[in-house]
Amino acid sequence: MVKTAKKKNKKASHFHSTLSSSAEKKQGKAKITIIDYNETQFQEREVPKAEDCFCFKDTSSVTWINIDGIHDVDTIEKIGKHFDLHPLVMEDILTIEQRPKMEDLESHILIIFKMFYYDERIEEIKIEQVSLIFFSNCVISFQETQGDVFDPIRERIRSAKGRIRKMGADYLAYALIDAIVDNYFIIMEKIGEKIEGMEEELVTEPTPKTLQTIHNLKRDAIFLRKSVWPLREVISGLQRTDSILIKKSTAIYLRDLYDHTIQVIDTVETVRDMVSGMLDIYLSSISNKMNEVMKVLTIIATIFIPLTFIAGVYGMNFKNMPELDWRWGYPLVWVLIISVALLMLSYFKRRKWL
Amino acid sequence: MVKTAKKKNKKASHFHSTLSSSAEKKQGKAKITIIDYNETQFQEREVPKAEDCFCFKDTSSVTWINIDGIHDVDTIEKIGKHFDLHPLVMEDILTIEQRPKMEDLESHILIIFKMFYYDERIEEIKIEQVSLIFFSNCVISFQETQGDVFDPIRERIRSAKGRIRKMGADYLAYALIDAIVDNYFIIMEKIGEKIEGMEEELVTEPTPKTLQTIHNLKRDAIFLRKSVWPLREVISGLQRTDSILIKKSTAIYLRDLYDHTIQVIDTVETVRDMVSGMLDIYLSSISNKMNEVMKVLTIIATIFIPLTFIAGVYGMNFKNMPELDWRWGYPLVWVLIISVALLMLSYFKRRKWL
Amino acid sequence: MVKTAKKKNKKASHFHSTLSSSAEKKQGKAKITIIDYNETQFQEREVPKAEDCFCFKDTSSVTWINIDGIHDVDTIEKIGKHFDLHPLVMEDILTIEQRPKMEDLESHILIIFKMFYYDERIEEIKIEQVSLIFFSNCVISFQETQGDVFDPIRERIRSAKGRIRKMGADYLAYALIDAIVDNYFIIMEKIGEKIEGMEEELVTEPTPKTLQTIHNLKRDAIFLRKSVWPLREVISGLQRTDSILIKKSTAIYLRDLYDHTIQVIDTVETVRDMVSGMLDIYLSSISNKMNEVMKVLTIIATIFIPLTFIAGVYGMNFKNMPELDWRWGYPLVWVLIISVALLMLSYFKRRKWL
Amino acid sequence: MVKTAKKKNKKASHFHSTLSSSAEKKQGKAKITIIDYNETQFQEREVPKAEDCFCFKDTSSVTWINIDGIHDVDTIEKIGKHFDLHPLVMEDILTIEQRPKMEDLESHILIIFKMFYYDERIEEIKIEQVSLIFFSNCVISFQETQGDVFDPIRERIRSAKGRIRKMGADYLAYALIDAIVDNYFIIMEKIGEKIEGMEEELVTEPTPKTLQTIHNLKRDAIFLRKSVWPLREVISGLQRTDSILIKKSTAIYLRDLYDHTIQVIDTVETVRDMVSGMLDIYLSSISNKMNEVMKVLTIIATIFIPLTFIAGVYGMNFKNMPELDWRWGYPLVWVLIISVALLMLSYFKRRKWL
Amino acid sequence: MVKTAKKKNKKASHFHSTLSSSAEKKQGKAKITIIDYNETQFQEREVPKAEDCFCFKDTSSVTWINIDGIHDVDTIEKIGKHFDLHPLVMEDILTIEQRPKMEDLESHILIIFKMFYYDERIEEIKIEQVSLIFFSNCVISFQETQGDVFDPIRERIRSAKGRIRKMGADYLAYALIDAIVDNYFIIMEKIGEKIEGMEEELVTEPTPKTLQTIHNLKRDAIFLRKSVWPLREVISGLQRTDSILIKKSTAIYLRDLYDHTIQVIDTVETVRDMVSGMLDIYLSSISNKMNEVMKVLTIIATIFIPLTFIAGVYGMNFKNMPELDWRWGYPLVWVLIISVALLMLSYFKRRKWL
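Chains as they are written, first to last, in our numbering: chain A, 5 to 358; chain B, 5 to 358; chain C, 5 to 358; chain D, 5 to 358; chain E, 5 to 358.
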């Protein structure tokens, strides 16, 4: 089964080379962190072996087991076996190109979604798959790499700030998803900044590099959209499910989460509209530029080509060219030349080319 | 929580820099205005402190508390605490990038929507978030800045004109929303004027500035659309809710309001269609212009280049060029030149380039 | 309330300046015509005052009160008061930018829709709002101006042709709507003629005027669409309503009417598709034209520029240019010139430019 | 009523001038053919008068009355009266611009749809309206002209091949519709051939004629689509109806027919997609061509214009031009000229224009 | 019936000439392979005659009969007759241009879908129709040609790996469909590779060949889409059916399969979006290139044309041209020429053309 998962990873991975998945080169063991808390108590530790987290399965306190590194298949499989996960669920967790989804499996709920983060170094949006499984008092989260998006939640648990320590595993799961959805807004802002940064240059100075940037934005928007739309189904699935794992008091938070998701979708659509509008504007701008270039060429050429012809005529070597012998021949030619030039210029003025 | 709200403001704010939110630079205390009325009595006053409006909570008359300046978080929070608003509701009110929404919270209904107004000074559409909370006999409205869109309603209350003094808080809420939806039509008219003003120039004299204007209109249409579509859900949510806060007699007004909303949506879609049509026309116009330019260049060049060649030939210095010694050589060359030119001209005439 | 209506008229009116509303300049009193009939009797008359039609309210015969001129607010209001219409209904009738709609108000049904007619004089499509209110045995129709679209129905009533005299007010209402929907087909035909008239010229001789016409057609299609789509809801609302005002025998006519409406929508969509196709073709045609122009320029320039260079070389005044003294120098240059020209021509032939 | 029908024909007819309706010039009497059969017996005959087919109305055998020529209104009306058809049904049959539809009228079912056939002579797709009315043991089909699309069915009845002689009128109706839907595939194939025939030429040699063909294909696709989409509703209406006219054993055939209809729709959509893709490709191809032309012009002009300038310089007649008297002046100029030319060529090579 | 099938093949086949169906040239007998297994036993053999597989119909073990070569109509018909398939089902299997579909026929379920495979030799995507019929303990699969996509499943059965030997015919059917859906991902990857390979060249070096490739990708995307969308209905049909043939334990696998299908659809849509984006980028790139070409031409021409004119003036042969006799005439002309050239260059620099 693990093989299947790997095979599938390879298959679809090509489509993400742009929003490039950072998991490909990972090696080494997964990092397992455990946070166990209730309203009064709290412990946090990193364990070296999968087996070390098994004892937390049946405690009455809320346990959050975070696993960084789904490339470490052995560890994941051990956990899967202990927590009695269906082979298909395991496959879903290990396959990094999953479509975001939510599945209610009675004793536990599986949620898979995409996390985006902006890599400042290479100025690119990176994508990562996060899977959540939550039982009545335990949440297991699987990440491709170690990230810092969940840090604020860890901090809130540690400091017992807000409601989180008073609520159950379902609220913890909500908080984790909310952290990731919040993260989407940051990505949106980055894209928004890029779009704004280009608006000016788009109309005034379109270059092939602008085109490249628009193309990249478009591709990003396509992938964001692909990840964000299914999220709506996921959250509304959580809302509609009659699983006993989700307490009634969490419903209002899920509704709020749903609203945020809709807003993310709205924004992605807006980005799409704006980017596709930018391409049209780009094309029009290029045409405008070309028009400018053509006008300059036309003005210069249409003024000087006839003049050159006139000069050419009096450069002919015919024996019998009376004009050449006239006293005022040369000045008259200048008069002619200047008249033609002025005529042309006034024509261009009338056509508003000047 | 206030921090969260602020954080979120920052996040998404970039997308509104065009329809630029006017709230960003606000400071100072919020302005609280209270209007309390029933069919026979009426009082209106501005209070300096949040606490001053608490006494109106349980009067039997209808109370409208209007708060201008949601940047004054302290005041808003005090009111929220007193009126027993859920923390998530508070967050919604304080976050200015909310998607329009309606939430029935049993003891009160929350409505959030966008208000547009046209800033004559800078010729730009500005966007502002307005939140309404209404209880059985009290409406609280939150605005980013002090606006005059609610003035006609204030006037109607003062002068006891129409039905407003005879109806309850739900009618007041309806009247406030209606005032804002009515305002949308004014924005649409502004955009309509701009579109019309460009139609002529679009086909006859497309310039890069035209392109800029189309681009701005497109962006405005995208944002208007984003704000207007959810409004439909809001109003239809109000219609479908079985909250006791909405009296049966208000239903017909809500239906009318819904019709207006649909009409606004229709108009936004029409604007979108027209603007996207304008871009196509623009591109075609530019192509037409370029064609004109090219024709002029081609006509001049194709007439004079061959003539210049002829003149060039007889400018050669070969010893043995019999034509140069002919008596009628020079006049014959002129005949040749004129024939070639006429030939060309007739060719252009046949191709309808002249 | 009348003020509100007027205000709203002003607001949205800008969007109709193209399909220009004919009502704007109207003045003077509304014209009221009454037709009262049953299977055996018939009377028709024009009355000067609103009050004159009140007596027909409760007759057992079917009464059709037609009012031309909704700008005469006083008359309309008097009628509204007498027939006990809700203020919002009055507002709907007086506001000429209403979206087509149908409202079942128990004692009467309100139907609002758009009528299009082609003004032969200025070759433009004009739009007019028509409102129908029908009671159990009375139909009141409100028009902006006096039109002749209802004349065939008047004629059918007068001559007792067909079923109309045997049926009730609901059939009369159906007949009026049907007359207007039938009228849509005539408008479609006009547009169809215009489109056809342009098809030929589109590919062979695209001019800026063609572009203008396409732009106008597009705008017309957008507005037609906006008026026609809601009509479907109106008719299907009439079909689904369980109002006792609509007799069972009328159902089959409504179904037929619904089919016609769908057909109108289909045709509007087809027009849209065709017009948007025409713009693409136009752009391609312009590109084709430009290509032609470019080819001519390129052929002439690339043939003569090198030749002019050759002539230029032998126009140089170097002392020591042996070719100039050759006996066959001049003829050889001509051989060279002709060879180069032929070479070029064969190159163009090979590239299929000639 | 007949008049109404005629009027409507005229109205909408303009939209079909391309997929031109073949019925317009028809005259003379309609041709009535009767096929009456059951499992054991069979008779086929052509009758001159409408009255001659009345006797078949109540036989227990299955009767197929085929009427070619709906322009012969008298005949159609006689039949309509005898078979007790509603006036609106009569109008539908006589109006050739009907939208495909199915109506269950209890004692009989009306089905109207479009038949397409390819006129080899003028290489155009022609459209024709076919109406079917079927009673419990009788099918009446109305065609605009005499066609051969039903011949295979006649043959199957004559030769008692397949199940047709064993089944009732509903199966006969199915077989007739199936014959027409099958015919759609032939039309699709014709269009498919045309598209394929153009694919090659599209990229390599786009001409204005290509554009014309694409435009025609687009128009054909629009009209095909308009006729084919409603067909789905018609067939699914037949499937869902609980009319006793349709036996249970026919259900599987209707399901198959529905699948075919969906396939036709899929193919029409594919055609649409491909044609609209072709236009984009065409535009790109034209741009490519223009680019080629421009490159040739630019290469020639930028090489020779500077050279001509050099030659021009030494064609000047200044007294004091030392170069002219140099011994190696002339050869040096040639060296200069050739160097400049080579420089230019290498520049073009570097830019990959050569 | 067989004739009908053949006829239909011919009809629609034209649309697949690109994703060319490999079945057309097939001849010879179909190859029948039988795999019969239960948890403990297993046999596999190839049989020469259709009759040889009849004995497996009623065994209690699971039997998979695979038939390669649906062109061998006789064999297929024999099997069809023995397994009691409805004539329309037979027609569906034999007609290679079927739309993917699922039909529950009580005693058996028919599933038809498309298989894609990439032909490395000719670098083209090939399409093949696969039909599955499954009874309670028997699956019959029909392929156009012998393929290797089912080999992994054969291997899993042989080696009793995974669950397959423990499950029934419905699981086998699921496994077969899953194998094909998995195969879609490989095709997607191929297309993904092609798209990526072009991204670079698209912006920097667009050639007509690029256009050809985009056109092909677009066509492939259209056909993939046409095949993949109906698959969703097929799988969801399988999920929703209440047929006893599908055991409850298979439901989770079908849900997983459904998720994969959705993912395939998502990817196809992404491909479509990206390809259509590429065309826009292509067009913009071409315009950019043209702009570059135009600039070069304009710069060279506008610099040298005026200079040539100057040289031309002093090449005139007027008797009375005082400049020609000046001592510094010639050097001054050079000064003039160089000044004009520098002026032009600085103008271009200011316009950022250089």
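Hints listed in this document are in silico derivations from the structure and should not be mistaken for laboratory results.
Just so you know, not all the hints are guaranteed correct.
Since the list gives no way to pick out one identical chain from another, each pair is judged satisfied if it fits inside one copy or across any two copies.
[As the list claims (entries may be wrong)] No farther apart than 30 angstroms at their CA atoms in a straight line, the calculated lysine-lysine pairs in the DSSO-like style are these:
1. Lys252 - Lys82
2. Lys165 - Lys85
3. Lys165 - Lys213
4. Lys35 - Lys198
5. Lys252 - Lys130
6. Lys213 - Lys194
7. Lys35 - Lys353
8. Lys198 - Lys353
9. Lys82 - Lys165
10. Lys299 - Lys85
11. Lys356 - Lys170
12. Lys61 - Lys323
Status of each hint after checking the structure:
| no. | hint | result |
| --- | --- | --- |
| 1 | Lys252 - Lys82 | between (33 angstroms within a copy, 28 angstroms between copies) |
| 2 | Lys165 - Lys85 | between (35 angstroms within a copy, 19 angstroms between copies) |
| 3 | Lys165 - Lys213 | neither (47 angstroms within a copy, 54 angstroms between copies) |
| 4 | Lys35 - Lys198 | neither (35 angstroms within a copy, 37 angstroms between copies) |
| 5 | Lys252 - Lys130 | neither (35 angstroms within a copy, 40 angstroms between copies) |
| 6 | Lys213 - Lys194 | both (18 angstroms within a copy, 28 angstroms between copies) |
| 7 | Lys35 - Lys353 | neither (74 angstroms within a copy, 56 angstroms between copies) |
| 8 | Lys198 - Lys353 | between (40 angstroms within a copy, 28 angstroms between copies) |
| 9 | Lys82 - Lys165 | between (34 angstroms within a copy, 20 angstroms between copies) |
| 10 | Lys299 - Lys85 | neither (74 angstroms within a copy, 68 angstroms between copies) |
| 11 | Lys356 - Lys170 | neither (74 angstroms within a copy, 64 angstroms between copies) |
| 12 | Lys61 - Lys323 | neither (114 angstroms within a copy, 106 angstroms between copies) |
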